[in-house]
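Q: Protein chains in written order, with the numbering used here: chain A, 1 to 259; chain B, 1001 to 1258; chain C, 2001 to 2151.
Selected chain A positions facing chain B (Cβ under 8 Å, derived; list incomplete):
1. Thr126
2. Glu127
3. Gln128
4. Asp130
5. Gly131
6. Arg133
7. Leu134
8. Met135
9. Ser136
10. Ile137
From the structure, some residues in chain B lie toward chain A, with a derived Cβ separation under 8 Å:
11. Ala1065
12. Ala1091
13. Arg1094
14. Phe1101
15. Asn1103
16. Ala1105
17. Leu1107
18. Leu1118
19. Pro1119
20. Glu1122
21. Arg1123
Derived by calculation from the structure, the hints in this document are not laboratory data. Just so we're clear, the structure is a prediction, and the values are computed from it rather than from any experiment. All C-beta atoms in this analysis are idealised placements derived from N, C-alpha and C, irrespective of residue type, glycine included.
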Amino acid sequence: MMRERVTHLGAVAANRIEAVGSMTRFGGLILAAVARPPMRLNSLVREIYDTGVLSLAIILTSGLAVGMVLGLQGYNTLVRFGAESSLGAVVGLTLIRELGPVLTGLLVTGRAGSAATAEIGAMVATEQMDGLRLMSIDPIHFVIMPKAIALMIVMPLLSALFIVLSIAGGYLVGVQLLGLDGGAYLSSLENNVSFADDIVGSLLKSWIFGALVGLIATYRGYMAARNAAGVSRATTSTVVTASVCILLFDYVITALWGV
Amino acid sequence: MTGSVDSSSTTPAAGEASVALNDVCLSFGDRPVLNRVTCSFPTGAVSVLMGGSGTGKSTTLRVIAGLVAPNSGSVRVAGREIVGLREFELATTREQLGMLFQNGALLDSMTVFDNIALPLRERTDYSEEKIRSEVHQRIEAVGLADVDDLLPGELSGGMLKRVALARAIVLDPAILLCDEPFSGLDPPNVLRIEALLVRLSKQLGLTVIITSHHVESSRRMGEHVTLLFPEESLSGTTAELDALGDPRVAEFLGAAPV
Amino acid sequence: MQANSTRDFVVGLFVVTGLAAVSYLSIQVGGLSYTGPGGLVLTGSFDEIGGLSVRAPVTIAGVKVGRVDSIGLDDDLRATVAIDVDAALELPIDTAAGIRTAGLLGDQFIALEPGAEDELLVTGDELEFTESALNLDKLIGAVVHGGIGGD
Chain A
1 MMRERVTHLG AVAANRIEAV GSMTRFGGLI LAAVARPPMR LNSLVREIYD TGVLSLAIIL
61 TSGLAVGMVL GLQGYNTLVR FGAESSLGAV VGLTLIRELG PVLTGLLVTG RAGSAATAEI
121 GAMVATEQMD GLRLMSIDPI HFVIMPKAIA LMIVMPLLSA LFIVLSIAGG YLVGVQLLGL
181 DGGAYLSSLE NNVSFADDIV GSLLKSWIFG ALVGLIATYR GYMAARNAAG VSRATTSTVV
241 TASVCILLFD YVITALWGV
Chain B
1001 MTGSVDSSST TPAAGEASVA LNDVCLSFGD RPVLNRVTCS FPTGAVSVLM GGSGTGKSTT
1061 LRVIAGLVAP NSGSVRVAGR EIVGLREFEL ATTREQLGML FQNGALLDSM TVFDNIALPL
1121 RERTDYSEEK IRSEVHQRIE AVGLADVDDL LPGELSGGML KRVALARAIV LDPAILLCDE
1181 PFSGLDPPNV LRIEALLVRL SKQLGLTVII TSHHVESSRR MGEHVTLLFP EESLSGTTAE
1241 LDALGDPRVA EFLGAAPV
Chain C
2001 MQANSTRDFV VGLFVVTGLA AVSYLSIQVG GLSYTGPGGL VLTGSFDEIG GLSVRAPVTI
2061 AGVKVGRVDS IGLDDDLRAT VAIDVDAALE LPIDTAAGIR TAGLLGDQFI ALEPGAEDEL
2121 LVTGDELEFT ESALNLDKLI GAVVHGGIGG D
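Same shape as in the complex, but just chain A:
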């Protein structure tokens, strides 16, 4: 009984490792496709619209909400130490270094990542990918590459918007609601955030998360089983895998970069 469990675990682990290898190779194919003409700008624009513009609603609302909560919680904690004038710095640094890239990554995974997997999976199930191959059109170049690249481009932009909205949310709560001085909030923020140490790391993180979601979402879609259940499984798998990877990579990047 125990032996079966261990063997099963081993098989699961081997499966995961194989999936990582397969995904890496897939990533290589996507990069190779970027290097080949034609540019597919129309597709890229369409994908930026689908992944970026259509995610704005959730990103902006969440950003504002998170900023307001941070403002409230931050104030309540800082006021015990008489340090409430540092609220701007606390809200700003928390968002810029961690919450901005990570929450944006998770939200985009849920919205745009799963949509991408579902769309690609549906194309696989209805033989559209085969149709492309028959016409000697590389499905990776035609469908996958624009989606993956769009996610990479869109993530840092959405993250920046999330952070700005959150800072505004913190301002609303701290200044309008709780009576902090607006100037103190902003100058505390500006004096404690450094471009090189904080902003660059934040943008780098969200760019890496974008690449991760782009790779995982398109891979899962492309490899989905050719039926409705398969597409559904693939979509769930994207959300789970991408979310976990974002959180893991967040730790690794933070540890290495010192963000």
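Dock chains B and C against the given chain A, drawing on the hints supplied.
A: Below, chains B and C without anything else, positioned relative to chain A:
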């Protein structure tokens, strides 16, 4: 013929069938699908591939199209052995092929016009005017009109198949593969599509290979019929197959007409 | 894919707004600035640089005029710091450089106090008068053991 490609190297020798499978075996995992299938499809004729569910009819078409590689055996398409070729090496052979997939396999996000124009835009350097004329010519050839701006989701079953057919022939292929072209169609549409396929075959000299369950249309249009059974395959004209007196023939082709 | 001018516009708007957010964070919040011409490179030796790091600001009367280029050890095992400041500045040769802390617990920077001599510093010159960083531990230790007396 597409203006920018030399296809002389892939024309079959005189008398050689357009498509020939020899001893082809294919298993998905440990499930055998094609078991030593040997058959050929004569050039310029309409061939029907029949067999029970799961005997590998669709898989055979996919093997011919190079979409899936057999575990062993030889597959010659338009005078060229395609087993063992890499994806990009199949491009020249695929220029000779058009495929009508069971559900059309049109790209959902593009209009009918853009779908049919796609092979021209990607594989040729025709001007937009030439593309427009070629596309409209094919739309007319399949008996449709005024469908340019519709999306695939807005098309009825019969219209969908015709649009997919128009796309399949837009590069003037020599071989047309049709996977269950009559599935999901009501009887009048079955007759229309059947007549269309026969007409195109005659007009354009196409080798047409279709998979089908339809007994009547197989008899009507099938100049050459191949029956796939798990252990073997039988090929010939309907008259020849009837003459065999094999009970399995009657299962698929019905009783011989009196 | 057909081109769609409304969609193109919206995407363009999105990208521009996103980049604007990035710029705001980088420049206004993060303090990224187009570093002025610079060009006047000077060095100074310090016994103790504390938490001074490369790219820390160099100020005169509180105004940023340049930044720290590099930090190393010289042969006497003292810290040697190279700074890059605005070449248009006219700094007398007895200008002093001191390591200060921004606020009570903030980052360290170098503050220059211009001297009174007529002769000016040129690139490559060494600053003669340097003031090392205050070491908080030593200061507290001194107070605790009565080293710095008085009230």
